[in-house]
Every structure is written in C-alpha cells, then in structure tokens.
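Protein chains: 2
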Amino acid sequence: MNIVCIGSGNVATHLAIAFKAMGAEIIQVWSRDSRNAEILAALTKAKPVLNWEELDRSADLYIVAVKDDAIPAVASQLNGVKGIVVHTSGATAMTALYGAGSGYGVLYPLQTFSKTSSVNLSNVPFCIEADRPETLEKISAIAHLLSQQVDKVSSEQRKILHLAAVFACNFSNHLYHLSNQLLEQHQLKFDLLKPLIMQTAQKIQHALPSEVQTGPAVRDDQETMKKHLELLQGSPELQRIYEMLSDSIKKTHL
Amino acid sequence: MNIVCIGSGNVATHLAIAFKAMGAEIIQVWSRDSRNAEILAALTKAKPVLNWEELDRSADLYIVAVKDDAIPAVASQLNGVKGIVVHTSGATAMTALYGAGSGYGVLYPLQTFSKTSSVNLSNVPFCIEADRPETLEKISAIAHLLSQQVDKVSSEQRKILHLAAVFACNFSNHLYHLSNQLLEQHQLKFDLLKPLIMQTAQKIQHALPSEVQTGPAVRDDQETMKKHLELLQGSPELQRIYEMLSDSIKKTHL
Numbered sequence: 001m002n003i004v005c006i007g008s009g010n011v012a013t014h015l016a017i018a019f020k021a022m023g024a025e026i027i028q029v030w031s032r033d034s035r036n037a038e039i040l041a042a043l044t045k046a047k048p049v050l051n052w053e054e055l056d057r058s059a060d061l062y063i064v065a066v067k068d069d070a071i072p073a074v075a076s077q078l079n080g081v082k083g084i085v086v087h088t089s090g091a092t093a094m095t096a097l098y099g100a101g102s103g104y105g106v107l108y109p110l111q112t113f114s115k116t117s118s119v120n121l122s123n124v125p126f127c128i129e130a131d132r133p134e135t136l137e138k139i140s141a142i143a144h145l146l147s148q149q150v151d152k153v154s155s156e157q158r159k160i161l162h163l164a165a166v167f168a169c170n171f172s173n174h175l176y177h178l179s180n181q182l183l184e185q186h187q188l189k190f191d192l193l194k195p196l197i198m199q200t201a202q203k204i205q206h207a208l209p210s211e212v213q214t215g216p217a218v219r220d221d222q223e224t225m226k227k228h229l230e231l232l233q234g235s236p237e238l239q240r241i242y243e244m245l246s247d248s249i250k251k252t253h254l
Numbered sequence: 001m002n003i004v005c006i007g008s009g010n011v012a013t014h015l016a017i018a019f020k021a022m023g024a025e026i027i028q029v030w031s032r033d034s035r036n037a038e039i040l041a042a043l044t045k046a047k048p049v050l051n052w053e054e055l056d057r058s059a060d061l062y063i064v065a066v067k068d069d070a071i072p073a074v075a076s077q078l079n080g081v082k083g084i085v086v087h088t089s090g091a092t093a094m095t096a097l098y099g100a101g102s103g104y105g106v107l108y109p110l111q112t113f114s115k116t117s118s119v120n121l122s123n124v125p126f127c128i129e130a131d132r133p134e135t136l137e138k139i140s141a142i143a144h145l146l147s148q149q150v151d152k153v154s155s156e157q158r159k160i161l162h163l164a165a166v167f168a169c170n171f172s173n174h175l176y177h178l179s180n181q182l183l184e185q186h187q188l189k190f191d192l193l194k195p196l197i198m199q200t201a202q203k204i205q206h207a208l209p210s211e212v213q214t215g216p217a218v219r220d221d222q223e224t225m226k227k228h229l230e231l232l233q234g235s236p237e238l239q240r241i242y243e244m245l246s247d248s249i250k251k252t253h254l
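If you read the sequences in order, they're chains A and B. With the numbering used here as the guide, the letters of the first sequence map in order to residues 1 to 254. With the numbering used here as the guide, the letters of the second sequence map in order to residues 1 to 254.
The shape of chain A in the complex, shown without the other chains (with noise of 0.2 Å):
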C-alpha cells in the first residue's frame, strides 16, 4: 500500500509511522511547513513535497491529517486522484471531502497524540466512516492494520465523540497543570501526585466515573471547600474553576 501523508503534525506524525512499521510505504508527506515534513518524511522514507503541483496522484490512500479549516481546501487539490481520501478530523463532517480521490471517509483515531510521547495504537479506538459500503470496507481494513478496535461512527456520533475527549482529555490535563502551577508556589514537586492521577484513571476503566467520585464536594464538605477556596485566594481565576467544578460535582450527587 502506497500511501501519501498530507500534514505533518501530531496526528500525521503518529498514522504515518505506524502505517510504516506495519509494511506500508509513505511515498510522500505533503505540509506547508517544510521544516515539519523534512522531518516526518526523514523518519518514513517518504519524499517531503511542498507544492501541490508535485503531488503523487496515484497513491493508494491520502491520509489528510491537517487543521480542521484547511480540510475542504486540501480536500478540492485531491478531486480525481487514484486513492481513497481518509480525514483524521474529530470535528469536520465527512463531506468536507466530497468529491475528493476514488472514494472518500474518515480515519479518526480517538487518542490524544504529542510528538513526544509514543503511543501503542493497537488499543486505540478508530472511528471511521465512508462515503458508500465499498470505500467502507476499504477503511476498515486499513483501520485494522493498526488498531482492533475499529468503530463505525457517523459525523454526528464523531461530534460528540470529540467534545466529550476534550472533557476527558484536553480538560483534565489542563487541570494536572494547574495543580503542579499550586505545588510549584509552594516548593512541592509534581512527583508527588504522578500515583493519583494514574489511580484516578485507572479506576474509571472498570467502573463509573460517577461511583468512585472522591473529594470534598461529593461529601458536601464545607468547611474543606471552605479552606481550600481561602487558600486560593491570589488565584480568582482558580477560585473559579474550584466552585465551579465543585458545585457541578455536588449536583450530580445531590
């Protein structure tokens, strides 16, 4: 499998990799950051193109793992190509690839990706989608070279999807950095709460988030919230965020 990797970003940087490792060839990485594609082409053996005029068009699959709001401009550069069309978008529907490629869908890898970190992809849920039955099973395949969890999902469901990983996701690592922001002003390493931010979710793996809420809001605990609201006092913006979170959490187990 012939494949031409349009990005070089952190999702375009993971996908390419792994598609490498399990025997496909990444005849190109197309981006407009030429020092970006140097790089991921370097580590693909792929050829870094900057230009649409020097794109491949006879690749078997044009994986478009850019900005969302450059997709139905990659998207128009990619009518009449030989390949099928995959977006990696968590947020853009699937015909913002309309007309592109033999055959167009979705590859939406439902993992938080950094360039510095791995990832093993094989537990990592992939939502696609597509545009007729044929093109379906096509992205399956290609899906299962890499993950076993391959999930049909519709641009609405992959919505949802998105902006309940940015809760999951995206949310509560901001909240990590808040909390080592408190440690740092007071002399107090991060290590120290590396064990419970692992335990925190690793116990929503096998149970409700909602029967293992722990803290002082589940508990109605005033005076402790009382407390730490005091202790916050410098910080208005993380008073915030702490009745916020807080009175959100005593809603739910009112």
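Keep in mind that a hint or two might mislead.
Since the list can't tell identical chains apart, any single copy or any two copies may satisfy a pair.
[What the hints assert, rightly or not] Here are the simulated BS3-like cross-link-like pairs (lysine-lysine), alpha carbons at most 27 Å apart as the crow flies:
#1 K194 to K152
#2 K82 to K115
#3 K67 to K250
#4 K227 to K20
#5 K251 to K227
#6 K152 to K227
#7 K45 to K67
#8 K226 to K45
#9 K47 to K250
#10 K251 to K20
#11 K82 to K250
#12 K115 to K250
#13 K115 to K251
#14 K47 to K194
#15 K47 to K138
#16 K67 to K226
#17 K250 to K194
#18 K45 to K194
#19 K226 to K251
#20 K47 to K226
#21 K189 to K138
#22 K226 to K138
#23 K67 to K227
#24 K227 to K189
#25 K45 to K20
#26 K152 to K138
Everything labelled a hint here was simulated from the structure, so no lab data went into it. A quick note: this is a predicted structure, and the numbers were derived from the prediction, not measured.
With the hints as your guide, set chain B onto chain A.
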C-alpha cells in the same frame, strides 16, 4: 504492632487491610456506623467498637481516619492512650490532635480510595508529620511498612497538596463523568474514551502537563470551540465549564 482503627470509611479500610497484610494486628475498629465497623472488623479480624468506653487504650498505634470535622472530638477521647495517634487527613492541621496519645502526627496517603477498587500502596506517597523527632521516626517506620515513598511534609504544605489533588483527581474524575454523560445522551459507549483517559494520565508521568496539552483551546481553534459550544446548547452548565477551562488553557499558553 497492635492497631486501633478509628473510622471505617475508604481510607480506614484500605489502611487497615494493608497494615494487617504486613503482619500488624488490628485489635479494634471504632466507628459511629455499626454496619461499616462490623464489615471492616470482619475483614481485619478486629473487634468492632461503637462506644468510647470500650476503646482499648493500650494499642501501639491509633489511626484516626474520620471526617475532618470530627478529628478534634476524637482526639479528645485519645488523651492518655498508650500509643501514637495519627490522623490521615490532607486538610487538617496536625495540631488538631494536640495532647493525644504518647505522641501524635499525620500519616496522609496521597491517593484516592474507593472501597470497590484496590490500590497498590507501595508507590503511594505517604506524607508524614509529627509532634517531635522521636514520634516522626516511629511514624516514618510505620509508613515504610506500606510504601517506599515516605515524605516529611508540613501541615501548610499538606494543605496545598490536598488542594492540588482535588484539581488533579476529584475534578478530573468529574470531567470523566461529564464526558460519559455526553456519550450516553448520544448512545455512545464510554469504553471508547477509556484508552484516551489512560494515555492522558500516562503522558504526564514523564512530561509536564503544559508540554503535552492538546485540543482546540491550546491551538486557539475558534471554529471548533464555537461548534462545541453549539453542541452543548441544551446544557448551559457544560457550556460554562467548557468556556472557563478553555479560557484558562488559552491564558496558560498565550
């Protein structure tokens, strides 16, 4: 070592079982709640005790794992007991135990405990504090029975740790719940998010959270954030949480 466990909640249960497993004897479980006292007493082959008159005053260690606001009242009952008295609270000053036992201090496990899920305590940071050096030495030895990670932490620092843990653990878990709620409303399975949640916690074991932040807010992807707020139209509370945390991410990464 003979231990009296005062309290029968999550922390009391996990600690009593762990000390028992290390060869200590839990001689009594005191609790206001007779049913919980009986359960924990049965698990640890201890005697359940409901009245202070029945308290064995000759134990080596008294673990006070009750609600924070009940600690001073319990402490006053422990004047003159033979052993050391420790509380396990993150948010309560050590001095709440003033005068209890032959020495007093704090044994605060920085972890989230639910009765339904087991915890390997050996990597859990135990934050300890004591009224004097000799007591500290004893509490340190006791903590090392359960964990390799024992840190001397002052009451002031412990308050901050506890507050940081509310952000990193209690609030994150609530975000998991909110995302599960979103999925349920759209007939999607929470299982789809579990690998993402694990990876999010995994990532910060070896990187700073701010270095691995992903999502629309850190990219300042206005279009996606607008779409997300539209999807949340029926849930003003989730909209407020979304806006507040996104704003906080944007400010952090300006």
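Since the copies are identical, ignore which copy is meant and state whether K194 and K152 lie within 27 Å (CA to CA) inside a copy, between copies, both or neither. between (35 Å within a copy, 17 Å between copies)
Is it within a copy, between copies, both, or neither that the alpha carbon of K189 lies no farther than 27 Å from that of K138? Classified as between; 24 Å across copies, 49 Å inside a copy.
Can you tell me if K226 and K251 fall within 27 Å by alpha carbon in one copy, between copies, both or neither? both (18 Å within a copy, 26 Å between copies)
Intra- versus inter-copy proximity for K194 and K45 (alpha-carbon distance at most 27 Å): Neither, since 37 Å and 33 Å both go past 27 Å.
My question is about K67 and K250: at a cut-off of 27 Å on alpha-carbon distance, are they close within one copy, between copies, both, or neither? between (37 Å within a copy, 18 Å between copies)
Using 27 Å as the alpha-carbon threshold, which applies to K226 and K45: within, between, both, or neither? neither (58 Å within a copy, 38 Å between copies)
Is it within, between, both or neither when you check K115 against K251 at 27 Å Cα-Cα? between (38 Å within a copy, 23 Å between copies)
One pair to classify: K45 and K20, alpha carbons no more than 27 Å apart. Within, between, both, or neither? Within. Shortest intra-copy distance 9 Å satisfies the 27 Å Cα cut-off; inter-copy 58 Å does not.
Please work out whether the CA atoms of K82 and K115 approach to 27 Å or closer within one copy, between two copies, in both situations, or in neither? Answer is neither: 30 Å inside a copy and 57 Å across each miss the 27 Å cutoff.
Homo-oligomer pair classification [K226, K67; C-alpha up to 27 Å]: Between copies only: 15 Å across chains, 43 Å inside a chain, cut-off 27 Å.
When Cα atoms must be at most 27 Å apart, do K152 and K227 count as within-copy, between-copy, both, or neither? between (48 Å within a copy, 22 Å between copies)
Is it within, between, both, or neither for K115 and K250, if the alpha carbons may be no more than 27 Å apart? Close across copies (20 Å), not inside one copy (38 Å); limit 27 Å.
When each numbered hint is compared with the structure, violations occur for hints 2, 4, 8, 9, 10, 11, 14, 18, 20, 22.
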